[in-house]
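Colleague: Sequence:
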Amino acid sequence: MDEGTIALERTDKELEILKVLAKEKSPISSKKIADELLRRGYKLHESTVRYHLHTLETLGLTMNKGVRGTIITQKGMEELNSNLAGERVGYIIDTLDRLTVGVTFNPKDGKGKVEVNVAFVKKEDLDRCLTIIKETPRELVPSLKVKIADEGEILGDTLVPEGKACIANLACTTVDAMLIKEGIPTTSRCNGLLEIRDRKPVRFTEIITFEGTSIDPARMYIKSGMTSARRVATTGSGMISAVLSEIPSAALDKASEIINNLRLFDISATLKIGDIGRPVFGLGVSNSQRVGIVNVAGMNQFAMFYESGIEVDMSSIATLLDFQDFREI
Numbered sequence: 001m002d003e004g005t006i007a008l009e010r011t012d013k014e015l016e017i018l019k020v021l022a023k024e025k026s027p028i029s030s031k032k033i034a035d036e037l038l039r040r041g042y043k044l045h046e047s048t049v050r051y052h053l054h055t056l057e058t059l060g061l062t063m064n065k066g067v068r069g070t071i072i073t074q075k076g077m078e079e080l081n082s083n084l085a086g087e088r089v090g091y092i093i094d095t096l097d098r099l100t101v102g103v104t105f106n107p108k109d110g111k112g113k114v115e116v117n118v119a120f121v122k123k124e125d126l127d128r129c130l131t132i133i134k135e136t137p138r139e140l141v142p143s144l145k146v147k148i149a150d151e152g153e154i155l156g157d158t159l160v161p162e163g164k165a166c167i168a169n170l171a172c173t174t175v176d177a178m179l180i181k182e183g184i185p186t187t188s189r190c191n192g193l194l195e196i197r198d199r200k201p202v203r204f205t206e207i208i209t210f211e212g213t214s215i216d217p218a219r220m221y222i223k224s225g226m227t228s229a230r231r232v233a234t235t236g237s238g239m240i241s242a243v244l245s246e247i248p249s250a251a252l253d254k255a256s257e258i259i260n261n262l263r264l265f266d267i268s269a270t271l272k273i274g275d276i277g278r279p280v281f282g283l284g285v286s287n288s289q290r291v292g293i294v295n296v297a298g299m300n301q302f303a304m305f306y307e308s309g310i311e312v313d314m315s316s317i318a319t320l321l322d323f324q325d326f327r328e329i
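In my numbering, the protein residues as written are 1 to 329.
Hints should not be assumed to be uniformly reliable.
Listed next, with one range per pair, are the computed distances between beta-carbon atoms [as the list claims (entries may be wrong)]:
| # | residue 1 | residue 2 | range |
| --- | --- | --- | --- |
| 1 | Gly66 | Ser237 | 35 to 45 Å |
| 2 | Ser256 | Thr131 | 28 to 38 Å |
| 3 | Arg203 | Lys108 | 46 to 56 Å |
| 4 | Ile215 | Glu182 | 22 to 32 Å |
| 5 | Lys254 | Pro279 | 21 to 31 Å |
In silico DSSO-like cross-links for lysine-lysine, where the CA-CA straight-line distance does not exceed 27 Å [said to hold, decoys possible]:
| # | residue 1 | residue 2 |
| --- | --- | --- |
| 6 | Lys65 | Lys43 |
| 7 | Lys75 | Lys65 |
| 8 | Lys31 | Lys19 |
| 9 | Lys113 | Lys164 |
| 10 | Lys272 | Lys254 |
Honestly, the hints are just simulated from the structure, not real lab data.
Even glycine gets a Cβ: it sits at the ideal position worked out from N, Cα and C.
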């Protein structure tokens with residue numbers, strides 16, 4: 001291998017280590033790197049992290065600063081950036097496919113794993129977040145039930161960092177997973193900004209398709225200040241995040257029955273099931289024999305945190321959790 005060919009092609013663990021280092025402004029220890037990797041779903045012992053750091057330093061991608069820890073070099077940043085573009089194309093749809101396989105929720109007893117969004121907040125901000133959760137209107141989230149985890153706890157495959165609390169809520173794509181498991185071919189097409197006027201959905205104003213995207217659409221809308229979920233909650237008008245999916249028209253009756261049954265377990269994500277071959281809130285379906293379904297995104301709850309000035313690190317469709325462990329605040 002010549003010097004310009006990077007060893008990261010051999011292991012995604014080293015790429016994840018570079019991502020961790022890239023977020024830090026000062027040297028970080030191998031223990032802290034291992035803790036952050038665990039939060040991201042990579043269970044590496046501290047000694048294994050040190051092994052990979054040695055490999056990266058040999059390639060000139062990191063620099064050991066002694067007892068203070070390790071930093072990423074300029075060469076490391078360049079290599080990371082060149083890898084990320086190719087790595088993340090299709091990331092969202094791949095994540096959806098992977099998590100859908102793991103959904104085990106049983107609509108007969110309300111038990112089993114569902115897809116969830118997660119938000120990390122400072123422990124001192126948790127009470128404010130709980131207040132917002134209590135005030136969240138039913139129509140802004142797929143379910144009013146949430147799960148709270150404290151620092152040091154593991155939520156799914158994620159370790160809650162020191163000084164943080166984690167809030168998990170239901171991802172609306174769980175509805176698509178349930179339809180698929182019942183034999184209905186379902187395509188999660190896009191996440192969009194949905195205008196709400198006088199508490200009624202009006203039209204999509206922006207969309208990001210899941211196929212081929214390299215970003216988390218809902219998170220991007222929130223962090224860019226494009227949502228106004230807090231205003232929707234208080235005045236009934238504003239912008240929220242919602243997902244458009246499609247099913248074959250032949251499955252319309254069966255899908256409607258499944259969606260109605262989910263309401264028995266406080267899963268009420270669906271804002272509208274469209275007419276055959278017709279647009280839903282201004283978004284057309286792919287052909288005349290398809291039906292659009294619009295589900296409200298659970299990330300709207302985290303948007304309310306962010307819009308209230310709370311520092312929040314959030315991810316949609318982040319992991320799978322048992323729904324029977326969720327509680328209404």
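Colleague: Each hint: holds or not?
Modeller: Checked hints:
1. Gly66 to Ser237: 35 to 45 Å: Given about 56 Å between the Cβ atoms, the range is violated.
2. Ser256 to Thr131: 28 to 38 Å: Once the Cβ atoms are compared, 35 Å apart, the range 28 to 38 Å for Thr131 and Ser256 holds.
3. Arg203 to Lys108: 46 to 56 Å: Because 37 Å falls outside the window, the suggested range is violated.
4. Ile215 to Glu182: 22 to 32 Å: Roughly 30 Å apart at Cβ, these two residues keep to the hinted range, so it holds.
5. Lys254 to Pro279: 21 to 31 Å: Once the Cβ atoms are compared, 22 Å apart, the range 21 to 31 Å for Pro279 and Lys254 holds.
6. Lys65 to Lys43: holds, 24 Å
7. Lys75 to Lys65: holds, 16 Å
8. Lys31 to Lys19: Holds - the C-alpha atoms of Lys19 and Lys31 are around 15 Å apart, at most 27 Å.
9. Lys113 to Lys164: Answer holds: Lys113 to Lys164 is near 24 Å, not above 27 Å.
10. Lys272 to Lys254: holds, 15 Å
When the structure is compared with the earlier hints, violations turn up for hints 1, 3 and for no others.
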